Amino acid sequence: MMHIVELEKIYKNYEKLQVLKNINMKIKRSTSTALVGPTGSGKTVLLRLINLLEKPSSGTVYFEGINANASSNASLKIRRQMGMVFQKPLAFKGNVYDNVAFGLKIRGDKKDIKARVKETLETIGLKGYENRNALKLSGGETQRLALARAMITNPKLLLLDEPTANLDPISTKKMEDLILEINSERETTLIMTTHDLSQGQKLANRMIILNDGHILQSGKPDEIFRKPKNKFVADFVGIENIMNGEAEEIGDGLVSIKTDSINIITVTEKRGSVNLSIRPDEITISKEKVKTSARNVIQGIVEEIVDTGSLIRLIINAGELFTVFITRESLTELEISIGTPVWMNFKVSAVHVF
Amino acid sequence: MANEIIGAVEQAIYLIVTLNPELIEITIRSLYISLSATLIASLISIPIGGVIYYYEFHGKRTLINLIQTLYSVPTVIVGLFLFLLISQRGPLANLNLLFTPEGMIIGQVLLILPILIGFTVTALIGVSNQIKELAIALGANAYQTIITIIKEARYAIMGAVILAFGRAISEVGVAILIGGNIRGFTRVFTTTISLETSKGNIELSIALGFILLAIALIINLMLNYLQGRE
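Chains as they are written, first to last, in my numbering: chain A, 16 to 369; chain B, 36 to 265.
Worth flagging that the hints you see were computed from the coordinates, not collected in a lab. What you are looking at is a predicted structure, and each value in this text was computed from that prediction instead of being measured. Ideal Cβ positions, reconstructed from N, Cα and C, are used throughout, including at glycine. Any given hint could be a false lead.
Said to hold, decoys possible - Straight line, CA to CA, 25 Å or less: simulated PhoX-like cross-link-like pairs of lysine-lysine: (1) Lys186(B) to Lys120(A); (2) Lys70(A) to Lys43(A); (3) Lys103(A) to Lys167(B); (4) Lys92(A) to Lys43(A); (5) Lys70(A) to Lys95(B); (6) Lys103(A) to Lys186(B); (7) Lys151(A) to Lys167(B); (8) Lys95(B) to Lys133(A); (9) Lys151(A) to Lys186(B); (10) Lys186(B) to Lys108(A); (11) Lys70(A) to Lys167(B); (12) Lys120(A) to Lys167(B).
As the list claims (entries may be wrong) - Across the chosen pairs, the derived CB separations fall in these ranges: (13) Gly140(A) to Asn176(B): 30 to 40 Å; (14) Tyr90(B) to Gly140(A): 35 to 45 Å; (15) Thr104(B) to Lys31(A): 32 to 42 Å; (16) Tyr90(B) to Pro184(A): 36 to 46 Å; (17) Asn176(B) to Gly287(A): 31 to 41 Å; (18) Lys43(A) to Asn176(B): 27 to 37 Å; (19) Lys151(A) to Leu101(B): 53 to 63 Å; (20) Pro82(B) to Glu23(A): 31 to 41 Å; (21) Arg201(A) to Arg264(B): 37 to 47 Å; (22) Pro53(A) to Leu258(B): 39 to 49 Å; (23) Ile75(B) to Ser87(A): 28 to 38 Å; (24) Phe92(B) to Arg294(A): 19 to 29 Å.
When you get a sec, could you build the whole thing from the sequences and use the hints?
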């Protein structure tokens with residue numbers, strides 16, 4: 016099957032600065048891909064190259080097997096089969112209707128514009144917004160407007176550059192739901208960038224980890240989480256406190272995950288054999304068993320104390336090995352040394368099941 | 036002397052209130068010539084400004100600097116330049132433009148082209164580059180992108196058009212050298228004021244001055260309004 020997008024030996028330099036180095040990737044139709052990496056890793060530039068807003072310094076971008084940068088006419092034709100949502104919520108002066116209809120009008124696609132705008136606005140939850148001043152929308156609304164504007168032309172490929180980076184948590188949730196819906200219902204191929212790994216995991220069925228202009232690893236999210244190819248990926252995906260076990264409902268909407276040695280309480284839809292991880296910063300430490308709202312209270316013995324420079328990393332053995340960070344002050348205050356028994360407390364929401 | 040001025044002002048107000056035919060005729064002609072010049076210059080300048088803005092080319096910065104230098108070219112220099120072209124010994128003599136309203140329009144067009152082009156470019160540059168990219172990413176071609184950016188900058192461009200009109204209607208160099216202040220044919224606000232005053236026809240000059248001031252006021256109000264919209 017022909018890939019919708021294929022990048023071959025892509026290099027991109029700005030003067031002396033190399034921002035992309037030997038990028039090779041193939042994107043299958045109807046898939047959803049997340050380009051994940053820290054700020055400055057080159058993911059936005061990569062997205063812009065795919066959108067043909069920029070040309071590679073060397074290498075070839077193929078769209079449906081055709082060299083996309085062969086001529087400016089060809090580029091325009093190909094770009095018109097894509098949709099792009101930029102990181103910064105942005106609207107043209109004028110009302111919402113004109114903004115959403117933009118792509119149709121410039122394509123000379125004048126059929127049923129009104130009905131299509133109405134339908135698209137309904138899909139993204141801005142029903143009846145046609146005559147609103149686009150510049151007076153909130154950030155979340157503007158970003159959804161941007162999504163509507165990009166998807167109204169029914170693009171084969173939708174590109175999203177950090178689609179929720181500037182949004183509050185509620186708008187982020189709405190945007191993420193919409194992205195999932197577009198990918199599953201319309202079968203639009205999606206490529207998005209994000210610095211947020213969990214978002215990539217939520218929205219994409221394939222992740223490409225970028226750093227310093229290189230692709231470090233690509234594959235299914237859980238594959239990357241379980242088998243990071245190198246230390247950067249492992250550090251970046253923040254793999255700490257990974258365990259697996261059997262998930263079982265215990266009432267009150269709670270689920271207990273039994274590992275070989277302990278039980279961890281969480282909330283998840285998943286049952287049976289699952290992986291879980293707990294972010295070290297979500298775990299608090301106490302010397303005595305304290306009453307907290309945290310459902311998980313687990314005792315262990317400090318096995319290792321590592322000074323990372325800014326924080327102290329503790330390795331605690333509770334049957335499973337836990338990594339926990341504490342401040343230097345807490346270390347002295349709690350009089351922790353190797354062999355000290357401590358209690359770890361963390362909430363159900365701190366447990367990430369995958 | 037003071038009495039003379041007060042008397043002249045009274046006379047001027049009388050001319051305005053009674054809609055003196057000569058006054059009305061000069062006003063209409065002035066507006067006709069300068070509005071035509073502004074319209075024509077806008078139709079030329081806005082697309083040129085769009086092209087200069089959109090394309091990256093060698094010497095772009097120098098070209099913009101040159102255009103900006105021409106903002107303050109003395110009106111008599113433009114008048115002289117055009118005079119040499121269209122006078123009886125000039126290369127364009129057979130167009131018979133000298134001492135005609137059409138000749139004056141061309142002169143004023145030349146005079147305000149740099150301001151209009153320059154301000155258009157500035158207005159377009161003022162639109163965020165992200166808007167330009169947005170238009171391109173949504174599939175706009177070069178022409179559609181320029182139109183989109185012009186629409187984004189519409190208030191700033193309208194401001195430039197109004198300023199250009201202000202420069203056209205208040206200039207005297209082109210109007211005298213090319214128009215020649217022919218009564219009933221090429222006589223406009225500024226030529227009347229500058230030439231009739233010396234002939235002692237103060238009342239008409241003052242009346243025209245009032246109208247010119249009123250136009251300046253209207254221009255200012257419109258500019259303020261547009262800046263409020265920005």
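Results for each hint:
1. Lys186(B) to Lys120(A): holds (15 Å)
2. Lys70(A) to Lys43(A): Distance of about 22 Å is within 25 Å: holds.
3. Lys103(A) to Lys167(B): Holds, because 14 Å separates the two Cα atoms, which is no more than 25 Å.
4. Lys92(A) to Lys43(A): holds (20 Å)
5. Lys70(A) to Lys95(B): Roughly 22 Å separates the two Cα atoms, so the pair holds.
6. Lys103(A) to Lys186(B): Roughly 21 Å separates the two Cα atoms, so the pair holds.
7. Lys151(A) to Lys167(B): Satisfied, since the Cα-Cα distance of roughly 20 Å is no more than 25 Å.
8. Lys95(B) to Lys133(A): violated (43 Å)
9. Lys151(A) to Lys186(B): holds (18 Å)
10. Lys186(B) to Lys108(A): holds (8 Å)
11. Lys70(A) to Lys167(B): holds (17 Å)
12. Lys120(A) to Lys167(B): Status holds; Cα separation ~17 Å.
13. Gly140(A) to Asn176(B): 30 to 40 Å: About 32 Å separates the Cβ atoms of glycine 140(A) and asparagine 176(B), which means 30 to 40 Å holds.
14. Tyr90(B) to Gly140(A): 35 to 45 Å: For tyrosine 90(B) and glycine 140(A) the Cβ distance comes to about 40 Å; the hint holds.
15. Thr104(B) to Lys31(A): 32 to 42 Å: holds (35 Å)
16. Tyr90(B) to Pro184(A): 36 to 46 Å: Cβ of tyrosine 90(B) to Cβ of proline 184(A): about 43 Å, so the range 36 to 46 Å holds.
17. Asn176(B) to Gly287(A): 31 to 41 Å: Violated, since asparagine 176(B) and glycine 287(A) (Cβ atoms, about 54 Å apart) do not stay within the stated range.
18. Lys43(A) to Asn176(B): 27 to 37 Å: holds (30 Å)
19. Lys151(A) to Leu101(B): 53 to 63 Å: violated (40 Å)
20. Pro82(B) to Glu23(A): 31 to 41 Å: holds (40 Å)
21. Arg201(A) to Arg264(B): 37 to 47 Å: holds (38 Å)
22. Pro53(A) to Leu258(B): 39 to 49 Å: holds (48 Å)
23. Ile75(B) to Ser87(A): 28 to 38 Å: holds (32 Å)
24. Phe92(B) to Arg294(A): 19 to 29 Å: For phenylalanine 92(B) and arginine 294(A) the Cβ distance comes to about 53 Å; the hint is violated.
Consistency with the previously given hints fails for numbers 8, 17, 19, 24, ordered from lowest to highest.
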